[in-house]
Amino acid sequence: MTINAVEMKNISKSFGSVKANDSIDFSVKKGEIHCLLGENGAGKSTLVKILFGLYNKDQGQIKINNKPVKINNPAGAIKEKMGMIHQHFMLVDRFSIIENIIAGQEPTRTWGTSIDKKKAAVKVKEISQNFGFDLDPEALIENLSVGEQQRVEIMKALYREAEILILDEPTAVLTPQETEELFEIMESLKEDNKTIIFITHKLNETMEIADRITILRDGKKIGTVNKNDTTPQKLANMMVGREVLLDLEKSSKNPGKEIFSIKNLSYKNPVSGLELNEINISFKKGEIVGLAGVEGNGQLELEEIIAGLKAPDSGEILFNSQKITKVSTRERRNMGLAHIPSDRNKYGLVGNFSLAKNILLGSEWNPEFKNKFMIDFDYLNNYTDQILKEYDVRFSGKNSRASELSGGNQQKLIIGRELSRGAEFVLAAQPTRGVDIGAIEFIHRQLLKIREEDKAVFLISAELDELMSLSDRILVIYEGNIVARGKVEDFDQEELGLLMAGHSREER
Amino acid sequence: MNVLGTIFSINTLAAAIRLVVPIALAAVGGAFSERSGVINIGLEGMILTGAFAGAVGSYYSGSAFFGVLAALAAGAILGLLFSFFTIDLEADHVVAGVGINILSLGFTTWLMQVIWGQKGASPQVAGLPEIKIPILADLPLLGDLLASNSPIVYLMFIIVISSWYLLFKTPLGLRIRFTGEHPEAADTLGINIRFIKYFSVTLSGVLAALGGSYLSLGHLNWFSSNMSAGRGYMALAANIFGQWNPLGGFAASMLFAFTDAVQMRLQGMNLNIASEFIQMLPYVLTVLILAGAVIRSRPPAALGSHYKSNK
Amino acid sequence: MAFNKNLKEILYSVAAIISALLLGALLIKLSGHSALKAYYYLFYGAFGSTYNIAQTFLKTIPLIFTGLAVAVGFQSGLFNIGAEGQLYLGAFAAALAAIIFSNLPGFILIPLALAAGALAGSLWAAVPGILRAKTGAHEVITTIMFNYIGILLTTFLLKNYFKEEGPVDQTKKIAEQARLPELVANTRLTWALFIAIFVIIIIYYLLNHTAYGYDLQLVGENINAAEYSGVDSDKVIINTMLLSGGIAGLAGSTMVLGVLHRFITNFSPGYGFTGIAVAVLGRNKPLGVLFAAFLFGILESGGMSMQLFAKIPADLMTIVQGLVILFVAAPSIFKILKNKSGIFRGDNS
Amino acid sequence: LAEGRIAIVFATGGLGDQSFNDMAFKGIKAAREEYGISFDAAEPTSISEYETYLTQFSALNRYDLIISIGFDQADALNTVSQRYPQQKYAIVDAVVKQDNVASYVYEEKQRGFLMGAAAAMMTTRTKDEKINPAKVIGVIGGMKIPLIDENIAGYIAGAEYIDPEVKVIHSYVGGWADPAKGKELAKAMIEQRADVIWGAAGRSGLGVLKAAAENNIYGIGADSNQNHVAPEHVLTNGMKFVNHTVKRAVKQVIENNFKPGVHVLGIEEQGLGYTESLLPAEIIKKLEKIKNKIAAGEIKIPATIEAARK
Ligand SMILES: Nc1ncnc2c1ncn2[C@@H]1O[C@H](COP(=O)(O)OP(=O)(O)OP(=O)(O)O)[C@@H](O)[C@H]1O
Ligand SMILES: Nc1ncnc2c1ncn2[C@@H]1O[C@H](COP(=O)(O)OP(=O)(O)OP(=O)(O)O)[C@@H](O)[C@H]1O
Ligand SMILES: [Mg+2]
Ligand SMILES: [Mg+2]
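Read top to bottom, the protein sequences are chains A, B, C and D. Residue numbers for the first sequence follow the numbering used here, beginning at 1 and rising by one. Residue numbers for the second sequence follow the numbering used here, beginning at 1 and rising by one. Residue numbers for the third sequence follow the numbering used here, beginning at 1 and rising by one. Residue numbers for the fourth sequence follow the numbering used here, beginning at 1 and rising by one.
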């Protein structure tokens with residue numbers, strides 16, 4: 001008899017009127033890598049959170065290693081040797097790696113009264129070396145890149161000697177190289193006979209790493225398939241319930257005159273010490289310029305400087321030949337800059353505001369939305385309805401708060417707000433992060449539409465596919481320097497990956 | 001007369017140490033509560049209740065020691081009540097804290113009438129004797145200062161240091177800080193956040209009440225209605241000023257207490273300065289130092305929020 | 001939907017108040033009094049006659065202002081514990097204005113004095129606001145300190161420059177025409193009530209229907225999003241403190257122009273601190289503040305009659321107030337009840 | 001409803017203030033014992049409540065006398081007494097010039113003078129183990145208000161009258177209900193070698209007496225007899241016989257002998273005085289002489305601290 005590391009039977013869970021999980025049966029064999037696939041809001045996270053004791057199921061049974069168990073909280077799950085790497089990292093920014101890893105199971109000395117830092121460091125180093133992680137245990141989380149933070153998350157689970165690892169969308173924030181590294185780690189964990197549940201909505205990843213795949217849609221299980229018996233197109237259709245176009249059509253187009261440019265821009269991040277060096281970029285009407293790079297190489301700094309959230313140390317920014325280096329965020333937006341921020345929860349949305357008030361963000365002083373001194377809610381509500389419809393934002397009620405939307409819909413809301421302002425220059429940072437294929441397809445089409453309208457787009461992305469299929473020109477950033485630039489046709493994926501990792505063109 | 005000599009004397013420091021006890025203990029209590037994520041405006045009421053229970057305990061038992069125990073118990077009960085409302089019932093921390101303060105004021109004044117048939121001040125009860133610690137007396141300079149004091153003063157020093165140790169060096173402390181920063185993360189690590197919060201908030205009640213019992217059994221030996229007189233708010237400020245760290249909180253409390261002691265001495269010199277301005281000294285100085293301070297307060301990230309595991 | 005949500009909140013609040021009163025009844029019983037009689041007089045004291053109703057409103061007015069002041073701060077993420085000090089500055093400035101310009105006619109003098117009070121409160125709150133915005137000094141600390149400083153400062157100024165001869169530290173009485181006209185004769189219930197309600201309405205619209213209020217709430221909800229969308233959060237923080245302090249200042253000026261007719265040291269029984277409770281009880285919303293302040297007004301003015309006629313010590317009323325606050329703070333008590341007993345069935349959440 | 005014949009509205013400090021509220025309460029209770037009257041009492045918590053309570057009592061139209069305790073009721077009583085001209089009122093510590101109001105005020109500076117004189121005589125008696133050679137005495141006020149300052153001015157003048165070399169220091173607690181702070185202020189004075197300290201600070205003053213006991217010097221109580229706080233260390237109490245005043249006001253009304261107008265109560269009228277407590281016989285003798293001189297108008301006492309310190 002095969003051992004099922006995890007067996008979930010007839011699991012249901014509702015949030016208010018939303019049925020997040022509807023009688024789901026889900027089982028994972030010991031030692032396999034099992035992919036959970038589904039669109040945003042399909043119920044993937046809910047299912048694994050129930051497994052991990054974070055949510056209380058409404059009904060259903062759970063068996064671990066063929067033995068029925070009751071898991072009331074994560075402590076219970078940890079006891080069953082489960083470990084979970086969450087979609088939103090569960091790390092305390094201002095604590096060190098060590099502290100984040102050992103909390104809850106601290107090695108102690110002097111009769112348990114104080115934490116044995118040395119013992120902890122030794123153990124953390126040991127795990128770190130076993131799996132080839134290169135991390136300083138004393139480093140603070142806030143100074144780590146996303147990929148590094150993810151490793152800390154994995155180490156947390158390994159430190160607790162987890163046999164069953166749940167990874168909830170671990171690759172959403174990783175670069176291709178980092179993803180490759182993660183997959184290597186996963187393979188080596190599998191060799192260690194550990195069981196892995198892996199959540200994603202990226203089909204190519206699924207095809208690469210999974211042994212079996214379970215697809216969820218609208219809270220229901222659609223089916224479980226062996227990887228070898230399926231194709232990406234089949235999976236996509238199961239996920240979405242309709243035919244999905246996986247390839248985009250991009251017209252060929254000659255760029256117009258320059259609209260936005262960055263000249264000799266330098267900046268040093270006082271916290272991380274990262275330096276942007278003499279960056280020069282020019283953006284022309286009707287083109288998409290892509291910025292490739294491993295997270296933490298200066299993209300965020302560049303994004304914030306262009307948006308006006310940070311001031312550069314030196315250099316100039318020109319918009320329509322006007323100097324805007326010292327101009328405020330508001331002013332830049334008024335001049336026609338749209339910004340899809342990479343960190344949507346931090347910058348892009350106000351979770352507690354209604355959808356209409358989120359649409360109003362940044363336009364509240366705009367006369368269009370006012371009638372004398374007051375905000376013109378009639379106008380705003382109409383405008384909002386229009387955008388929500390046009391950008392296919394799905395929400396439950398008229399008075400929904402932004403925090404109640406699923407991630408993909410939140411992103412569509414932001415994109416709708418930013419793109420419908422008639423901007424001439426769109427700064428789109430990680431626009432499809434954590435978003436499902438349906439939405440990705442939609443967002444890509446929107447960006448291409450903007451290009452058709454003869455506007456300029458600066459696309460900062462960690463997704464090479466995305467960059468390759470959307471951009472006209474590509475720049476590669478590494479440690480704050482633009483290390484390569486050229487037409488998209490001049491690059492191939494593999495070459496880009498190497499450039500991003502710091503190998504120069506000649507080296508190849 | 002040598003103004004500066006009088007002000008910066010060992011006597012002033014000794015006075016500051018007496019004045020600091022209730023503020024510092026409550027500030028340390030506040031550090032626990034807020035490090036675990038619960039804003040504690042109820043410190044004022046907790047001090048007051050501690051002072052009251054201390055006097056009642058001593059009144060009935062005839063022993064100040066039992067008075068202190070009664071104060072600790074009352075602080076624990078109030079802390080548990082506050083925990084129950086803020087943690088289990090998910091009450092807004094600020095409102096519940098205000099409620100605790102008002103309840104404490106009402107209950108202590110009412111019970112005074114029930115127990116002693118009078119408002120205002122209780123009869124005198126057995127107070128804590130000062131104790132002498134011979135080894136400390138031999139210290140140069142500080143010998144006079146530390147040789148003889150109320151036991152609660154010594155306890156305060158021990159508590160300040162051990163609280164710092166507890167919060168920053170022990171597993172429990174790490175879990176408390178984790179819970180205040182990111183309760184969900186703490187939860188996923190298998191930390192029992194409900195226990196951690198209950199523990200921290202209850203401890204804050206106990207410590208503030210201990211501070212209160214110093215007022216009614218250490219510094220004085222009776223209870224006087226509303227005798228906390230705003231010390232809980234000063235503790236609140238001290239805790240924030242001290243970066244939610246017991247040592248910092250103690251230092252900030254000491255700043256208030258010392259300038260207050262200086263203020264009292266300045267007044268007694270009857271210099272040609274309006275007494276109002278002299279009385280302002282501790283408050284103005286605090287604002288100035290705070291405005292000039294380089295380190296910026298960064299509260300625990302989840303301070304004031306509610307989190308329930310296993311929804 | 002939204003209406004449903006608000007209705008639910010109101011239901012919970014009513015349930016909380018009733019529970020607190022029941023618990024209070026138990027205490028009254030325990031202390032050997034008749035709870036029925038006590039609550040009869042509570043009600044009688046609050047609503048029993050025109051005079052009593054007027055007194056209830058009289059108690060409500062300063063709490064509307066201070067509650068609103070604290071609430072506006074909270075809306076922007078600022079905890080203004082300094083309403084008490086701002087109120088004193090406001091009262092002092094209003095009295096001064098009324099005295100200095102005593103030969104102006106009332107229709108100029110009253111608005112002038114009110115404005116002077118609001119301005120003084122604003123300026124007093126501005127300092128902690130500026131410190132917060134420019135140096136990051138935590139407003140909880142600075143506003144607490146500014147309470148003490150402000151009260152001492154007004155006392156000093158009063159004593160040395162504006163004191164009326166006599167045994168009380170007070171200014172002389174303000175001129176007749178500077179006093180707010182009474183709504184009901186001999187009750188001291190004045191136009192201040194309308195001013196308070198007017199301010200509530202203004203603030204409601206300001207917060208919910210203007211770009212200014214939008215920015216204010218935005219800074220409170222998500223300061224990063226505010227910066228992202230081009231809001232100067234430092235400016236908003238300072239402006240919010242100005243607004244908050246101005247409203248607290250109005251609490252002081254209406255007390256002077258409507259009730260006391262002069263500035264007296266230590267006249268406030270802690271309106272600024274009660275304002276914190278009022279604000280949070282009212283969920284930091286203008287209309288909520290109105291109801292919460294009214295509730296406090298009822299408890300206080302009813303409490304006076306309870307004390308007089310049912311001989312219930314005032315402290316029991318304090319306890320009931322504390323209980324109301326605790327229960328209203330914790331609506332989930334009733335959600336638990338609801339799930340267990342179905343009392344609140346019918347609303348679908 | 002309320003059944004009393006007398007109503008009394010206390011000052012916002014409330015009962016338990018160890019000062020005029022408590023003394024007034026004592027007086028009204030004594031009147032109840034003696035004249036068989038009943039009374040209703042109100043304890044306002046803010047200044048704005050005075051007028052409400054006074055109006056409510058007046059409107060009942062059933063009281064022979066309504067008594068206001070405390071200087072800050074003057075405005076409220078002034079208004080209400082005009083609205084109810086038939087109602088008789090008394091006010092303690094303030095003057096309300098209405099035909100239906102009897103105002104009782106005290107010559108506070110006289111009390112201060114006596115206390116200052118007693119303290120100054122005491123501080124030179126170095127044979128006493130509680131007394132040191134330095135000629136320093138102190139007085140601690142609750143808050144800097146005119147009534148307290150008049151006491152302090154008298155205290156300074158009284159000391160000066162006995163011995164110009166005696167140094168008088170004074171300070172304020174900043175509140176009436178913070179005995180811990182009262183104690184610390186006294187300790188600060190003791191550091192300056194004060195050995196007799198008067199605490200004129202309501203309940204904060206109790207802390208002064210506690211400091212006196214702990215440091216083995218003399219403390220002086222205020223308003224009511226506070227010997228019980230530190231029987232071995234309370235030298236005397238600066239008494240303000242609000243109880244007598246209240247009782248007398250009641251008596252006059254009951255005997256149909258209501259006397260509106262201003263009644264200034266000093267030492268002569270036995271509105272103010274002191275307790276013998278630990279005072280040595282010779283000092284009592286001298287104090288009695290001073291009392292007579294004050295009563296006879298032979299001693300002029302300044303009313304402000306500036307004047308007293310010259
Ligand atoms: N704590 C919660 N409260 C209310 N609704 C929730 C909660 N968590 C999830 N939901 C809802 O349940 C549904 C399933 O959400 P879930 O997070 O499981 O989706 P998912 O498949 O993980 O999506 P994604 O790919 O966006 O992470 C969604 O409609 C979501 O809005
Ligand atoms: N989209 C809108 N259309 C019309 N009016 C609106 C809109 N958004 C806000 N308002 C106005 O602002 C008020 C507050 O709305 P908001 O969305 O801020 O709700 P809230 O902060 O939860 O407050 P409340 O619960 O009192 O409605 C509403 O009552 C309404 O008058
Ligand atoms: Mg998910
Ligand atoms: Mg001497």
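What the hints contain is simulated information worked out from the structure, not anything from laboratory work. You may find that some hints are simply not true.
Unchecked claim - Here are the simulated BS3-like pairs of lysine-lysine, each with C-alpha atoms no more than 27 Å apart in a straight line:
1) K346(A) with K235(C)
2) K263(A) with K253(A)
3) K284(A) with K263(A)
4) K169(B) with K19(A)
5) K285(D) with K163(C)
6) K284(A) with K250(A)
7) K285(D) with K159(C)
8) K63(A) with K227(A)
9) K346(A) with K134(C)
10) K30(A) with K284(A)
11) K308(B) with K79(A)
12) K308(B) with K119(A)
13) K300(D) with K285(D)
14) K118(A) with K63(A)
15) K235(C) with K326(A)
Stated by the list, open to error - One side only, chain D facing chain B, incomplete, derived with CB under 10 Å:
16) Q18
17) E43
18) L60
19) K144
20) P146
21) D178
22) A188
23) A194
24) L206
25) K210
26) K300
27) T304
28) I305
Positions of the beta carbon are idealized from the N, C-alpha and C atoms, including for glycine.
Verification of the supplied hints:
A C-alpha spacing of about 20 Å is found between K346(A) and K235(C), which places the hinted pair at or below 27 Å, so the restraint holds. Restraint check: the Cα-Cα separation between K263(A) and K253(A) comes to about 25 Å, which is no more than 27 Å; the hinted pair holds. The straight-line distance between the Cα atoms of K284(A) and K263(A) is roughly 14 Å, inside the 27 Å bound, and the hint therefore holds. Between the alpha carbons of K169(B) and K19(A) the distance comes to roughly 44 Å, so the proposed pair goes past 27 Å and is violated.
Proximity of K285(D) to K163(C) is assessed by CA-CA distance (about 40 Å); at most 27 Å being required, the pair is judged violated. Between K284(A) and K250(A) the CA atoms are separated by roughly 17 Å; this keeps the pair inside 27 Å, and the hint holds. At roughly 39 Å between alpha-carbon atoms, K285(D) and K159(C) are farther apart than 27 Å, so this suggested pair is violated. For the proposed pair K63(A) and K227(A), the alpha carbon gap of about 24 Å is at most 27 Å, so the pair holds.
At most 27 Å may separate the alpha-carbon atoms for a hinted pair to count; K346(A) and K134(C) meet this at roughly 22 Å. Only pairs whose Cα atoms come within 27 Å are accepted, and K30(A) paired with K284(A) is rejected, the gap being roughly 54 Å. In summary, the hint linking K308(B) to K79(A) is supported, as the alpha carbons are separated by about 20 Å, within the 27 Å threshold. Pair hint K308(B) plus K119(A) does not hold up; C-alpha atoms about 32 Å apart against a cutoff of 27 Å.
Using a Cα cut-off of 27 Å, the hinted pair K300(D) and K285(D) holds, with the two alpha carbons roughly 20 Å apart. Note on K118(A) and K63(A): the hinted pairing is violated, with a Cα-Cα distance of about 38 Å set against a maximum of 27 Å. The hinted pair formed by K235(C) and K326(A) meets the criterion: a straight-line CA distance of about 18 Å does not exceed 27 Å. Evaluation of the Q18(D) hint against chain B yields a held restraint, the C-beta minimum of about 6 Å falling below 10 Å.
For E43(D), the interface hint holds, since its Cβ comes within 10 Å of a Cβ in chain B; the closest pair sits about 9 Å apart. Among the interface hints, the one on L60(D) is violated; its C-beta lies about 25 Å from the nearest C-beta in chain B, farther than the 10 Å criterion. Below 10 Å, beta-carbon pairs count as interface contacts, and K144(D) has one with chain B at about 6 Å; its hint therefore holds. Interface restraint check: P146(D) against chain B, minimum CB-CB distance 14 Å, threshold 10 Å, status violated.
For the restraint placing D178(D) at the interface with chain B, the shortest Cβ-Cβ distance is roughly 4 Å, inside the 10 Å limit, so the hint holds. The beta carbon of A188(D) comes within 4 Å of a beta carbon in chain B, closer than 10 Å, and the hint placing it at the interface holds. Taking 10 Å as the C-beta cut-off, the interface hint given for A194(D) holds, the closest approach to chain B being about 8 Å. With its C-beta approaching chain B no nearer than about 6 Å, L206(D) sits inside the 10 Å limit, and its interface hint holds.
The criterion of a C-beta within 10 Å of any C-beta in chain B is met by K210(D), whose closest approach is roughly 6 Å, and the hint holds. Restraint check, K300(D) versus chain B: the minimum CB separation of about 23 Å is more than 10 Å; hint violated. Of the supplied interface hints, the one on T304(D) is violated, with its beta-carbon coming no nearer than about 14 Å to a beta-carbon of chain B, more than 10 Å. Taking 10 Å as the C-beta cut-off, the interface hint given for I305(D) holds, the closest approach to chain B being about 9 Å.
Comparing the model with each numbered hint stated earlier shows that hints 4, 5, 7, 10, 12, 14, 18, 20, 26, 27 do not hold.
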